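Protein chains: 2
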Amino acid sequence: MYDGLIEQLVIENTSKIVLLVMDGLGGLQFENYQGTELELAKTPNLDALAQAGSCGLLTPIMTGVTTGSGPGHFGLFGYDPLNTNIGRGVLSAAGLEFDLTDKDVAARVNFATIDTSGNITDRRAGRIDTATNQRVCEILRQKVKLPKPYKFFLVTEKEHRALLVLRGPNLAGDLDDTDPQITGVPPLAVKAQNVKSKKAAALFNDFLKQARKALAAEPQANMLLLRGFAKHHPYPSLFKRYKLRCLCLANYPMYRGVSKLVGMELYPVVKSFAEQVDALKENFDKYEFFFMHVKATDATGEDGDFAAKMKAIEDVDGMIPRITALKPEVLAITGDHSTPSALRAHSWHPVPLLVWSKNARYDGSRAFNEKSCQTGGLGRLYSKEMMPLLLAHALRLKKFGA
Amino acid sequence: MYDGLIEQLVIENTSKIVLLVMDGLGGLQFENYQGTELELAKTPNLDALAQAGSCGLLTPIMTGVTTGSGPGHFGLFGYDPLNTNIGRGVLSAAGLEFDLTDKDVAARVNFATIDTSGNITDRRAGRIDTATNQRVCEILRQKVKLPKPYKFFLVTEKEHRALLVLRGPNLAGDLDDTDPQITGVPPLAVKAQNVKSKKAAALFNDFLKQARKALAAEPQANMLLLRGFAKHHPYPSLFKRYKLRCLCLANYPMYRGVSKLVGMELYPVVKSFAEQVDALKENFDKYEFFFMHVKATDATGEDGDFAAKMKAIEDVDGMIPRITALKPEVLAITGDHSTPSALRAHSWHPVPLLVWSKNARYDGSRAFNEKSCQTGGLGRLYSKEMMPLLLAHALRLKKFGA
Numbered sequence: 006m007y008d009g010l011i012e013q014l015v016i017e018n019t020s021k022i023v024l025l026v027m028d029g030l031g032g033l034q035f036e037n038y039q040g041t042e043l044e045l046a047k048t049p050n051l052d053a054l055a056q057a058g059s060c061g062l063l064t065p066i067m068t069g070v071t072t073g074s075g076p077g078h079f080g081l082f083g084y085d086p087l088n089t090n091i092g093r094g095v096l097s098a099a100g101l102e103f104d105l106t107d108k109d110v111a112a113r114v115n116f117a118t119i120d121t122s123g124n125i126t127d128r129r130a131g132r133i134d135t136a137t138n139q140r141v142c143e144i145l146r147q148k149v150k151l152p153k154p155y156k157f158f159l160v161t162e163k164e165h166r167a168l169l170v171l172r173g174p175n176l177a178g179d180l181d182d183t184d185p186q187i188t189g190v191p192p193l194a195v196k197a198q199n200v201k202s203k204k205a206a207a208l209f210n211d212f213l214k215q216a217r218k219a220l221a222a223e224p225q226a227n228m229l230l231l232r233g234f235a236k237h238h239p240y241p242s243l244f245k246r247y248k249l250r251c252l253c254l255a256n257y258p259m260y261r262g263v264s265k266l267v268g269m270e271l272y273p274v275v276k277s278f279a280e281q282v283d284a285l286k287e288n289f290d291k292y293e294f295f296f297m298h299v300k301a302t303d304a305t306g307e308d309g310d311f312a313a314k315m316k317a318i319e320d321v322d323g324m325i326p327r328i329t330a331l332k333p334e335v336l337a338i339t340g341d342h343s344t345p346s347a348l349r350a351h352s353w354h355p356v357p358l359l360v361w362s363k364n365a366r367y368d369g370s371r372a373f374n375e376k377s378c379q380t381g382g383l384g385r386l387y388s389k390e391m392m393p394l395l396l397a398h399a400l401r402l403k404k405f406g407a
Numbered sequence: 006m007y008d009g010l011i012e013q014l015v016i017e018n019t020s021k022i023v024l025l026v027m028d029g030l031g032g033l034q035f036e037n038y039q040g041t042e043l044e045l046a047k048t049p050n051l052d053a054l055a056q057a058g059s060c061g062l063l064t065p066i067m068t069g070v071t072t073g074s075g076p077g078h079f080g081l082f083g084y085d086p087l088n089t090n091i092g093r094g095v096l097s098a099a100g101l102e103f104d105l106t107d108k109d110v111a112a113r114v115n116f117a118t119i120d121t122s123g124n125i126t127d128r129r130a131g132r133i134d135t136a137t138n139q140r141v142c143e144i145l146r147q148k149v150k151l152p153k154p155y156k157f158f159l160v161t162e163k164e165h166r167a168l169l170v171l172r173g174p175n176l177a178g179d180l181d182d183t184d185p186q187i188t189g190v191p192p193l194a195v196k197a198q199n200v201k202s203k204k205a206a207a208l209f210n211d212f213l214k215q216a217r218k219a220l221a222a223e224p225q226a227n228m229l230l231l232r233g234f235a236k237h238h239p240y241p242s243l244f245k246r247y248k249l250r251c252l253c254l255a256n257y258p259m260y261r262g263v264s265k266l267v268g269m270e271l272y273p274v275v276k277s278f279a280e281q282v283d284a285l286k287e288n289f290d291k292y293e294f295f296f297m298h299v300k301a302t303d304a305t306g307e308d309g310d311f312a313a314k315m316k317a318i319e320d321v322d323g324m325i326p327r328i329t330a331l332k333p334e335v336l337a338i339t340g341d342h343s344t345p346s347a348l349r350a351h352s353w354h355p356v357p358l359l360v361w362s363k364n365a366r367y368d369g370s371r372a373f374n375e376k377s378c379q380t381g382g383l384g385r386l387y388s389k390e391m392m393p394l395l396l397a398h399a400l401r402l403k404k405f406g407a
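If you're matching them up, the sequences are chains A and B in order. Residues 6 to 407, numbered by our numbering, are exactly what the first sequence covers, in order. Residues 6 to 407, numbered by our numbering, are exactly what the second sequence covers, in order.
Simulated from the structure, these hints should not be mistaken for lab results. Quantities reported herein were computed from a predicted structural model and do not represent experimental measurements. Be careful, since some hints might not be right.
Where chains are identical, the list cannot tell them apart; a pair therefore holds if satisfied intra-copy or between any two copies.
Said to hold, decoys possible - With a straight-line cut-off of 25 Å between C-alpha atoms, the simulated SDA-like cross-links for lysine to any residue are:
hint, residue 1, residue 2
1, LYS376, ASP120
2, LYS403, ARG385
3, LYS163, ASP127
4, LYS403, GLN186
5, LYS300, LYS403
6, LYS163, ALA136
7, LYS21, ARG140
8, LYS363, GLY309
9, LYS403, LEU213
10, LYS196, GLY406
11, LYS47, ASP184
12, LYS376, ASN50
13, LYS245, PRO273
14, LYS153, ALA222
15, LYS108, LEU87
16, LYS403, GLU36
17, LYS276, GLU287
18, LYS196, GLY268
19, LYS376, ASN364
Same shape as in the complex, but just chain A (with noise of 0.2 Å):
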């Protein structure tokens, strides 16, 4: 649908987009609420700018489908969610702010701890603290030796996780995983899916023999276990594809990562949404989008307490004001995905959109939640239609045609 008519569209103007990303933002009723979080949150705010703007229900995937948190927000970046679900070694990678390059392939570890004759006795090393990770990866930096011109990067995660990344000519990474999910029994080989993935296959079972001899002292973390092996292959940025200059306000590193694959420059973490709404203003002049990502919508809804989720709501909806200052072109509020406290989970569920503009049509919104935005102007969208249409709001797509 999208085959780059967008693209061809484009033109460039001073207008300013922010992207308010209240993440896991949909609810659902749940025991005594009679109604969503959404609903039941006191928002003026957010319902001023519902009078004043136009509301909808966004689809993430497709009906019925619960995405995650990364082909949702592919989505709400205008990628198509199901062309952009990457490898894990990928995304961790972009969330620990690794430049990846197309000749990489990356993958996730966990440390580990095996017995004597080999066999995994513990797949998280008895969760190592990230101190002991480090050393263990300064262990491996030394000592593991790959035939030229091959490297590999070992980043610290936290804990017992970390990021290994090989590079050099020729790799795939069409691999499947090592660790058999059980203990008891010795770590898979890393075994390639096709040819193409053979000479990477060969360099990570290479990785792995040698740092099993290095690691031979360590009382826990001895081995790693190796998984979502992934080639990179570069997004097109939204700079290119849209002609935005982005700025990502976002606090947590799987959302630094999709904005650092779709080419957004990351601001520094920060503590509370307050001062990222602070950078937005010491920032507004600079760039042309701005994503800012709340997580605590999406962390109250996954305990399932539906009171602090509404608090969290409440909280973002104080802020508003601080944000419609700015006078951006466009504000959108939205999130990636549901996550009703009543399923204590991701969902399916349609996600509200607002989109407060002075050219979004009044729509007779009276308030932001899930029952105005049902019936609501905008109507039901795939959430990777929503960039063409804060574009247009924006006034940055030329007409089609004559």
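Given chain A's structure and the hints, the job is docking chain B onto it.
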């Protein structure tokens, strides 16, 4: 767009899904009735479900297209109705509960009368009674011999109608009907539309030549007209696709036929909807998916009898408490198409859908009818999107991506 994604996400659990299809449910205002049959019927039980569930509208095929019952039901079962517009021969065979194999080409038979010059005088052989049909079929089974290893099966349907199945190697079903649609001319020869169908054409023509000889003494049914040739291509079953053991509670051959083609088990024909509900209750532990079919809503619409269609809807409404008492995780109520009494025929109007489940988002619907569905929380969906939605509400789909 689907490409097996749903199948990849399917997980098994013990939840029960009941799909109640009120055939031809959607309606239209008519003469003094200022609303549809469903709007004006008294349906306190369905309305209560709407208040506790989500409503929407289904488009069976595409905007403006009126569907037949076959594709209408394939869509509801999650199959693309445009890829399942199978030959009537195959549908007839399924409706007769004839076990087709992938070596079979099926055709619908009309017994006809020809005069001594071979011209058709009656395309329905004076609508011979079923007993005559059975007698004539037996003559053909005795006298017609096909070259080995080919076999044929001839099954009496009703009155002048029967099913002819040709079985053997290298058969294809791209064949033109032999019914010229007018009298006073001879039947057409079976003509192959392509090279791979030539073998089947020759065998059917051989069959017809022998049949004409064998039936020469019959006063009425002295010839056969063949229509709707179709090779059987088995569909992946609902169990294979969605891990659902399915029971069909339908009393008419067409619906039983489609159910059989998608791998449902068929409960014996019963005499009333009340008995279908009895069967649902008796078998509730043995299956995960139940398809209940109500014919009266369509038949009354086709008769142009608005009041009778209202009554048929009210009769179903009265049985709803017996279904909800079984506590299925998901109860979906919809139709395969609209059959407005005003049109006395199937129509293109979208079809009301109600999903009742604790995981359905309250959408403010006060009643179950076209008007509440048009602003309901489920929005506008294609019929083929319904099954993923029901699976989602039954928590039978895992998350897509991380």
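Self-check item: Structure versus earlier hints, numbers of those that do not hold, lowest first
Solution: 1, 7, 9, 11, 14, 18
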